[in-house]
Amino acid sequence: MMQQEEKLRVSTEQLEGGLGLVAAAGYINNEGGQAIADAVNELVASGCRTILIDLEGTRIINSIGISILLEILDRLMESGGTMAFCNLTPTIARTFEIMGLVQYARIFPDRAAALAALGRDG
Amino acid sequence: MEVALTLPLVPDVELIAARAVQVMGRSLGMTDGELESVTVATVEACLNAMEHGGQTCFFVRVNTHREDGGPSLEVEIEDHGVGFDPQAPPRTSPSRILGCVAKRGWGLTLIRELMDEVDVRSRPGKTVVRMVKHVGGA
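The listed protein sequences correspond, in order, to chains U and G.
Reminder that position 107 of the first sequence reads as 107 in this note's numbering, one-by-one numbering, no gaps.
Remember, this note's numbering sits 122 above the position in the second sequence when you count from 1.
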C-alpha cells in the first residue's frame with residue numbers, strides 16, 4: 001500500500017555538545033511519529049539534551065504524527081532538554097503553528113542554520 | 123473531471139486519496155504549497171472518516187472546476203458512521219503543552235486552516251466533509 005518514498009526513513013547522529021540529530025523523510029503518521037520517538041529516546045539515553053529533527057524529504061504529516069512529536073517535546077522539556085526542527089515545508093510549518101509546536105521548539109530554515117545556532121547557543 | 127474512490131478501512135489507505143488529490147491538483151496547475159495543503163487536509167478528513175465512520179469503507183470524490191473565477195479543486199469525504207457535531211469549537215492552540223498534550227481532535231481545525239472553503243454536514247448515518255482549494259487563491 002505505502003510506496004517506498006512515503007514510508008518514513010529515520011537516521012540519527014550524535015554530534016558534539018550534547019546535540020542529537022534525527023533525519024526523517026517520508027510520511028509522519030502514528031508509525032512514523034513513533035519511529036522518531038524511538039530515535040529521540042535513543043539519543044537522549046546517550047546523553048543528548050538538544051534534539052534537532054531534520055524533516056527534509058517529509059511532505060505529508062498528519063495530526064496523530066504531530067501529536068506524537070508534541071509528546072516527545074513534552075518529555076524532553078521535562079528532562080531539561082530542548083528540541084528544534086529544520087527543513088519544514090510551508091504546510092508543515094503551518095500545521096506546527098496551528099498545533100502549537102512552534103511555541104516550544106525552535107524552527108530553522110535548513111540544517112546548516114540550525115547547527116550553527118544550536119552549536120552556538122546550546 | 124472527477125475521481126471517485128471507495129476506500130476500505132485499512133492502514134495508510136488515506137494515501138490513496140492523497141495521491142488522487144495531488145494528481146488532480148497538479149492537472150489544475152496548483153503550486154507545491156497548494157498541493158501540500160490539500161494533501162494534508164485530505165489525509166485529516168480521511169482519518170476522521172476512518173475513526174468515526176464505523177463502517178467497512180468510506181468515500182472520496184475529487185472534482186476539478188474551471189469557472190471564470192479561476193480553477194479550483196473540490197474534495198468530498200463521506201462516511202456512514204455515527205456522525206459528530208461540526209459546530210464543536212475548534213482547538214486553536216494547546217494552552218498548556220507540558221502535562222496536557224491535546225492528543226487528538228485537530229483534524230477539522232487543520233482542514234479549516236489549510237483549505238479555502240470547508241462545509242461539514244453530519245448526522246447519524248452520514249457525514250460529508252466538503253472542502254475547496256482555489257488555485258492561486260487566498
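None of these hints come from the bench; they were simulated from the model.
Heads up, some of the hints might be wrong.
Derived coverage of chain U by chain G (criterion: at least 3 residues anywhere in the stretch with Cβ under 8 Å from a Cβ of chain G; other residues may be distant) [what the hints assert, rightly or not]:
1. 35–43
2. 64–74
3. 86–96
Not everything, but these chain G residues come out facing chain U in the computed CB check (under 10 Å) [unchecked claim]:
4. Glu136
5. Leu137
6. Val165
7. Pro193
8. Glu200
9. His202
10. Gly205
11. Thr231
Using N, Cα and C, we set each Cβ at its ideal position, and we do this for glycine too.
Sort out which numbered hints this structure fails and list those numbers smallest first. 1, 7, 8, 9, 10
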